[in-house]
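With our numbering, the residue at position 13 of the sequence shown is 112, and numbering never jumps.
Take every hint as true, because none was put in to throw you off.
As a list, the in silico DMTMM-like pairs of lysine to aspartate or glutamate whose alpha-carbon atoms are at most 25 Å apart:
1. 344 <-> 365
2. 344 <-> 327
3. 344 <-> 370
4. 344 <-> 359
5. 344 <-> 318
6. 344 <-> 369
7. 160 <-> 171
8. 172 <-> 162
9. 344 <-> 325
10. 344 <-> 367
11. 344 <-> 326
12. 344 <-> 372
13. 344 <-> 313
No lab work stands behind these hints, which were simulated from the structure alone.
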Amino acid sequence: MVMERMSGQTLGRTRPCPLPLKSCLKPKPMAISAAYLHFHQGPCPLRRGWLVKTQVMAAVKMEKKTLTKAVEKVRTAQMNRFPRVQRGVALITILLVVVIATVLATAMVSDQHMSIQRTRNFLTMNQARQYALGGEELSRQILWDDFEQGEGRDYLQEEWANPNLQFDFEEGEVQIQIEDLQGRLNVNSLGGQGAEYQLARVRFTNLFAGLGIDPAHIDRIADWIDEDTNARNLGAEDFEYLALKLPYRTSGQMIADVSELRLLLDLEQEDYEQLLPNLVALPSTSSPLNVNTASAQVLQSISDGLGFETAELLVSQREELQGFGTVLEFLQSPELAGTGISGNGLGVQSAFFEVRVKARFRERFAYLTSIVQRNPTDGSMRVIYRNSSKKIIPLVKDPDASSEKTTDA
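Between the sequences and the hints, there should be enough to build the whole structure, so can you do that?
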């Protein structure tokens, strides 16, 4: 008897082979895993082991079930794995789409908001500009009403000279200041000829002396205006300006704005600031000086013998009289007795006015500076200059203000 052990188990004892000899001798190869083989010394002539069919089938079935379960587990694991991966990718894709859509929607809303805001600002600013132009037209109406009164003179107690003209509109307001430009010395009068030029030169010489400014600039102003290239005694022409580090030429025509004086040779900023409130650039070489609106500094330039203190007395006197009625009345003032001042180049009526407008519509502001010329014969007016970049500078201090400081409007 032979005892065989497989997988740590005893296969059992020997017994005769129940199969016929013929059947036992037939080779029946089978793939048996972990099968129980029973060997014996029975009637089998070849002494070979035989396989118990029932045990083999049971082992095969058990092996198939085990294999099937293993395959099912693998398939189930694979089926469970891939959908999870797919669901994760789908979720990320959805989130990415949502983020992109959110960014695009935000950009569209922001762009639309900016477009609406730009349109709103444009319309608001345009309305403010229209208010400013309306203020200019209103100032022309005020000057026309002044002409219609028929006094034949202009003085600082009239309505147009009120520095606090203000008009309220729906969601806005307009502030207007009107100044008589013929209360200043006209720089273009230095471009005149003969007696006209000599009179202008005397007045500029007195003004520059009163302000402590080098009188050489008078000749330089004249050379800046004239068309020739011949320099006057203390003047300067093209060849001197071309020798500068940043070369340029003289104008050779009437000055369009007083700011051109900054181009004069060697004119200091401090001197320019002193001259600025006393000078004007009018489109004419002959413009009478209005003695009813000129400052004391300008009045003292009329004559060599007229001091600044005397000029201040004349200003006080005209305020009491509400302006001189005629030039003769001005010359007959006690303060001018014995001075020998001529009435040439003097007047009591003006033709050029500067209008400064500050307009507000909602939160936007617009500024406009215009020069209006009024015909002294029929009162007709035309705008000869317009600038929307200058801000209003108060002409006088507010008498109700507790502080003496003034600021740009």
